[in-house]
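Colleague: Since chain A is already given, all that's left is putting chain B on it; use the hints.
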Amino acid sequence: MPTLRSRGAVAAAAALVTALAAACAPGSSDDKPESKAPAAVSTDVAKAGNVTLTVWDQEVQGGLKEQIEKLNAQFQAKYPNVKINRVSRSFTDLQKTLRLALSGGNPPDVVEANQGYASMAQYVKAGMLLPLDSYDQVYGWKKRFPKGLTDLNSVTDDGKLIGSGKLYGVSLNGEIVGLYYNKEKLAKLGIQPPKTWAEFDQALATAKGKGEVPIAFGNVEKLPAMQLYGVLQDGQTGKEAVRKLVFGSGGSWTDAPNVQAAQKLADWAKAGYFTKDANSIKWDDTPANFAKGQGVFMFGGTWWAPDLNDRMKDKVGFMLPPPAQAGAPTATMGGESLPWSITSKSKHADVAAAYINFITSPQAMDVAVEAGSLPVLPASKQPDAPLLKEVASAWTELSKNDGTTPYLDYATPTFTDAFGGPLQELVAGKTTPQQAMKKAQDDYSAFQKKK
Amino acid sequence: MSGSKTPALEGGRPPGEPRRIGWLYVLPALLVYGAFLLWPLVRGAQFSLYHWDGLGTATWAGLSNYTATWSDPVLRGAFGHLLVLVAFYAVLPCCIAFVLVGAISRTRIRGLTFFRTVLFLPQVVAMVAVAVAWQWVYSADGPVNTVLGWLHALGLPDWRRGWLGDFTFALPAVGLVGTWVGIGLALVLFLAGAQKIPRELYEAARIDGAGPVREFLAVTLPGLRRELAVALTLTTIMAIRNFDLIYMATGGGPGDATKAPAYEVYNRTFNTGEVGLGCAIGVTLAVLAFAATAGIGRLVEGRDA
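Read top to bottom, the protein sequences are chains A and B.
Following full-length UniProt numbering, the numbering of the first sequence begins with 1 at its first residue and continues without gaps.
Following full-length UniProt numbering, the numbering of the second sequence begins with 1 at its first residue and continues without gaps.
Simulated from the structure, these hints should not be mistaken for laboratory data.
Hints are supplied without guarantee of correctness; some may be wrong.
[Stated by the list, open to error] Once the Cα atoms are required to be at most 20 Å apart in a straight line, the calculated SDA-like pairs of lysine to any residue come out as:
#1 A:Lys-282 x B:Asp-244
#2 A:Lys-244 x A:Ser-90
#3 A:Lys-244 x A:Lys-439
#4 A:Lys-282 x B:Arg-160
#5 A:Lys-282 x A:Ser-90
#6 A:Lys-439 x B:Ser-71
[Stated by the list, open to error] If the Cβ cut is set under 8 Å, some of the chain B residues that face chain A in the computed set are:
#7 Trp-52
#8 Leu-55
#9 Gly-255
#10 Phe-270
Using N, Cα and C, we set each Cβ at its ideal position, and we do this for glycine too.
So here's chain A without its partners, still in its complex pose (with noise of 0.2 Å):
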């Protein structure tokens, strides 16, 4: 029967040929989103019907989902007619699924979708998300926020230009990656907050002296380095010109400063000042061994704030990285939390903008102080505690100051893997500074022109 088997087999890879053929390409077509005329949007949700709203956060840690759970009851207390379904996951998590989600023929209708070119410019290109700007024409976002902030949140309907083009999400907090100290280790050691990049590296060689840790660093997932290089960048070279590198406008990684910011970072590794065996060291566990004490200083974000006063009391302070000269306006990575956005397919597009809409008004950001966390507006109240009074005042100077830079994770869609490699080399000895910013660089030059 060797005929009739060959004969089979080669049916079965006709079979197979003919139905590679007849599915269709992966994907969709890049079709855009239609937007409704201003005047066609209805503000008023108790008139929606019975409504389910799905909705996608990362507010996870501490203060963030005391504030969205007092928000989110607030609204469904308003709206008795409006159920909020609210799935929350960590920051990575949910980098990870909202890609999968959103190409699926059911999306949920909020979700915050994370700035820069590895994800809202993505998604935008592929239509997935509604511009927003009727909605801004009716709730005046763009009066509320200034235009740095909505900015961000705005992409190119071909998604090649952050800062350009239609409005896609509005945030609720602010961020900023600055510098928290224990402030009874520097008592102990007899020394001051440092003013200035010079202090500060002679407070680090003192603690290192005394037996310290200087600074707690955990760099396993590879984006704490980023954080930390990019806080030694801008530390080194002018905001303007970190934001057009980052949002591709000009510049190269190569740069000379850059190099000397990585520079910097692989002198520090050398100088033993992180934690030993940082790379394999957690970022979440990053804060919890400085609230143990080990650690005079930590480089991190806002969001750590409201868990380390909890854990720290006063022992704790939050500052902005020192500038150059004492007393000038230093600049550092930050600017607003993942903005709300709204599918496309979101079948409750106008209950979805309402919602939006409550959890960025001016009472909502009196809810976040409450909770303990940053407010990307002033709020009308303050917080009590001494660290987060810190941070609310570093926010205040360095919006005053126009000071926040982009995260370098918005470059390109693969920035973290061919970036934060190198630098965990780095921070092991493992490389050099040219190189390690000429891997960035290919990267980044191989998304521009793939752009």
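Modeller: Same frame as chain A, now just chain B:
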């Protein structure tokens, strides 16, 4: 043929029901298999021929994703790591299990069932739990470093380090976890096989004056060829599709030091938006797994695959 009862045809086919009815019997299983295994496989193979970011329109890529699988230095590195992992996941456990079986078959051990259960336990525990436990074992102040600290106090050099974050040792450290998991499986298979080797063969070998090594090579090893093939196949495939352990323990880091192809399938598909390339790696891995299965069967068992 018209009108006749076609005895010739009757005689031409095997007795019993017509052959085609067999398809009816396998239909339910075939449907499930087809829907959840064959169809995804076909679609995956199709995706691998496109450039696609997982969101928008896909563009035809031909075989360029497959050439990228070999030309991309990170991916080439990942396949290199796979070789190391196969040594740790498959070769090492089988060797260790052989030593254990050799020892057990020569002596009577009290509480053998207990030891067998303990050694097999890693197979039963979910890989994610295994990864979390070993993360602690390897951590800066975990048991491994504690013991090395004692040795250091005794005058040996200081070998303490963050094992999973070390560029040189992260891959072997992950590999040893695989060894730990694999030993139990190999041992249980070999023990079962060793029981069916006639005792007379051992007695004859001993009368002929064979030592433990000679006895192992002449009696135990030939008697366990089939079990060896099964154990090697299972553990090799475990190494090839090793994703969960790496995802949990190191996330491919530090740098690219522990990136294995199966991890890259996930990473490229879901993190960096290179779905086509991810699928191409996946298809390559499937082909590798088939080749390994056939190759091991032929090599160890001496049968035609």
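Colleague: Taking the hints in turn, state whether each one holds.
Modeller: Going through the hints against the structure:
1. A:Lys-282 x B:Asp-244: holds (17 Å)
2. A:Lys-244 x A:Ser-90: violated (29 Å)
3. A:Lys-244 x A:Lys-439: The given pair, whose Cα atoms are some 19 Å apart, holds under the 20 Å limit.
4. A:Lys-282 x B:Arg-160: Holds, at about 18 Å.
5. A:Lys-282 x A:Ser-90: Measuring from Cα to Cα gives roughly 14 Å; hence the hint holds.
6. A:Lys-439 x B:Ser-71: holds (16 Å)
7. Trp-52: Interface hint status for B:Trp-52: holds (5 Å vs cutoff 8 Å).
8. Leu-55: holds (4 Å)
9. Gly-255: The hint holds - B:Gly-255 has a Cβ within 8 Å of chain A, the shortest such distance being about 5 Å.
10. Phe-270: holds (5 Å)
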